[in-house]
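Student: Below are the chains, spelled out letter by letter.
Number of protein chains: 2
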Amino acid sequence: MKIAIVFGGLSYEHEISIVSSIAMKDVLRNELVYIFIDKNRDLYEIPSSKINSKLFSSGNYSKFDKVFLKKGGFYKLSGLFKKEQNIDFDVALNLSHGGDGEDGILSSVLDFYNIPFIAPRTEACVVSSNKFITKGYAQSVDVLTLPYKYYTKSDSIKVDMFPVILKPVKLGSSIGVAIVKNQEELSYALDVAFEFDDAIIIEPFISGVKEYNLAGTKVNGEFIFSIIEEPQKTEFLDFDKKYLDFSRTSKAKEVDLGEKLNNEIKESFKRLYNTIFEGSIIRCDFFVVEDKVYLNEINSIPGSMANYLFSDFQDLFTKVASNLPKKKHIPITYEYVNKIQSAKGK
Amino acid sequence: MKIAIVFGGLSYEHEISIVSSIAMKDVLRNELVYIFIDKNRDLYEIPSSKINSKLFSSGNYSKFDKVFLKKGGFYKLSGLFKKEQNIDFDVALNLSHGGDGEDGILSSVLDFYNIPFIAPRTEACVVSSNKFITKGYAQSVDVLTLPYKYYTKSDSIKVDMFPVILKPVKLGSSIGVAIVKNQEELSYALDVAFEFDDAIIIEPFISGVKEYNLAGTKVNGEFIFSIIEEPQKTEFLDFDKKYLDFSRTSKAKEVDLGEKLNNEIKESFKRLYNTIFEGSIIRCDFFVVEDKVYLNEINSIPGSMANYLFSDFQDLFTKVASNLPKKKHIPITYEYVNKIQSAKGK
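Protein chains in written order, with full-length UniProt numbering: chain V, 1 to 346; chain W, 1 to 346.
Among these hints, one or two may not hold up.
The list makes no distinction among identical chains, and a pair is therefore deemed to hold if it is satisfied within one copy or across any two copies.
[Unchecked claim] Listed next, the in silico EDC-like pairs over lysine to aspartate or glutamate satisfying Cα-Cα at most 20 Å (straight line):
{"hint": "1", "residue 1": "K82", "residue 2": "D245"}
{"hint": "2", "residue 1": "K71", "residue 2": "E45"}
{"hint": "3", "residue 1": "K66", "residue 2": "E84"}
{"hint": "4", "residue 1": "K270", "residue 2": "D198"}
{"hint": "5", "residue 1": "K158", "residue 2": "D198"}
{"hint": "6", "residue 1": "K54", "residue 2": "D291"}
{"hint": "7", "residue 1": "K326", "residue 2": "D312"}
{"hint": "8", "residue 1": "K270", "residue 2": "E184"}
{"hint": "9", "residue 1": "K292", "residue 2": "E264"}
{"hint": "10", "residue 1": "K326", "residue 2": "D191"}
{"hint": "11", "residue 1": "K153", "residue 2": "E222"}
{"hint": "12", "residue 1": "K328", "residue 2": "D42"}
Just so you know, these hints were derived from the structure itself, not from any lab.
Here the structure is a predicted model, which is why all the values come from computation and not from measurement.
Generate the whole structure from the sequences, applying the supplied hints.
Tutor: Right under this line is the structure:
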């Protein structure tokens, strides 16, 4: 099975998408073709043998073939006569972290052109990429979240209890996130967060809170889970550390929280995954506070696909790629238009 | 200002999109160009002077120019030498009801190609097109909804109290919706609903409940509201009636619920519209039960744009078209890639 890795994109996480995608060369045994989306949303085909991070920072990627979208796939103009040529692959993997990749834009585009892809569909992207919508969704599926306040740019913002953690609603990888310890730090943190986004949430910051990550997917109605990992962290993972984290390929160490908590984490994952996330491999990050499980966030396109959490990622990946959700057939019959026409006697 | 009306699409509401779009000829004084999306998601440019509903049911639309998407707009191949030609317009209006148009696919595609458009952006589409996600979102913005149960296809479904109303989570215009009065009717209604969707919600059905519609938008941070209307209805609007409703152009009659309820409906609208719906003109349908306001549903692309609710729709439309939300600039600097490269001494 040949995989087209679609990466880059108009996103604050453009660069981590590059390292995450390059890491897939060491993770997947599949034949790979790379489709790079540059900051102008122009697409290029990068041969797997030529890919390295410098290619992008130098701008040299633009020497490769430009790609455009048409029904069923990616195309390029090739040869002397610039003949349209279909780029060969079986399934696309959307590895464009953040921005277009995770907010539903890219998944929608792939869907619109009938390109089979591994990634959350549009709905799942929105539910997971906007932290405010995630909170409401988690509540709907009976998964706890920490209490929070939601503010838009024009709201007056008042914080009574410190420390708090302040997050732009739409960015991943800790961008614009700040731990705010007192009133003095607040206005600077707000300026930074609103620089990135028009809306924020503010949560209590619990120092030393236990965090646990679980990745998984659903194939033919059955859940397949990774191990549960307790990620290494300092106060919280900053962008530099997360950046390196996105190229992880060595296996993670399993943590055993006892049957009750292990199960509660898995059951929470199942309720969150629902039917909405079908077609994707996601990582859910949970907090455990006083033996209760709280959702921190849903990573709908986790760094290097959270391969390091699975004992046999290749097998899992193949299963997902072979069992992508199918769209329902929508019959368009013009029954009503015909009825009106015939009522008009035309 | 020249408007490109994008309509049709892969949707159960394909046909009402056609009548809704044709109605816009009587509503807008702008020069119009029509971009039709057929059931195969092929695009055609239909001249405004040639459009009528029969054109689509007969399949004759395919005699017009085929259209493809490229950065900045819609293109066609024209003349003897099949030269690429940009179709001229200023702003697109997404009038593809249901399916692609309202679920975020089409808005994402327009966004991806940097085409300015009036319609909810991807997030707002998802929040309003999936009734289950709408419920969670409404709760997050402190707007009441009727109690409900959510079920996916594999769940065992138990109803204790009748009558209930059963709705596929993702379809509009009452498709697959049934009022279920007893246990016997339930399994048939479930079969029908799951024919259309993988998930449903079941709500209590309140016979004779008062329903009120309010449309509106936000321009430069200021809300502009329509009148409040009490829509005509039988038990509930079926597809035939809604179909005709989508071509409405005559003005609706205002209802006055008294200052308190009028305000509560408007304040609920504001909280729902939030920042998420910027760029769109939406209609929110509310129930009033014992003087309390409940959201029934958000129509993110209402039939014929709910023009009949506004005293001066043309003026409103022009204001929205001239003040579309802008995307934040995302700088892509390769700072981190460069840092790694320099650490490697390369």
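Student: Could you run down the list of hints and mark each one as holding or not?
Tutor: Each hint, compared with the structure:
no. : hint         : verdict
1   : K82 to D245  : neither (41 Å within a copy, 49 Å between copies)
2   : K71 to E45   : both (17 Å within a copy, 18 Å between copies)
3   : K66 to E84   : both (11 Å within a copy, 17 Å between copies)
4   : K270 to D198 : between (31 Å within a copy, 16 Å between copies)
5   : K158 to D198 : within (17 Å within a copy, 42 Å between copies)
6   : K54 to D291  : neither (46 Å within a copy, 64 Å between copies)
7   : K326 to D312 : neither (25 Å within a copy, 44 Å between copies)
8   : K270 to E184 : neither (41 Å within a copy, 31 Å between copies)
9   : K292 to E264 : within (9 Å within a copy, 37 Å between copies)
10  : K326 to D191 : between (44 Å within a copy, 19 Å between copies)
11  : K153 to E222 : between (42 Å within a copy, 14 Å between copies)
12  : K328 to D42  : between (31 Å within a copy, 18 Å between copies)
Against the hints set out earlier in the document, violations occur for numbers 1, 6, 7, 8.
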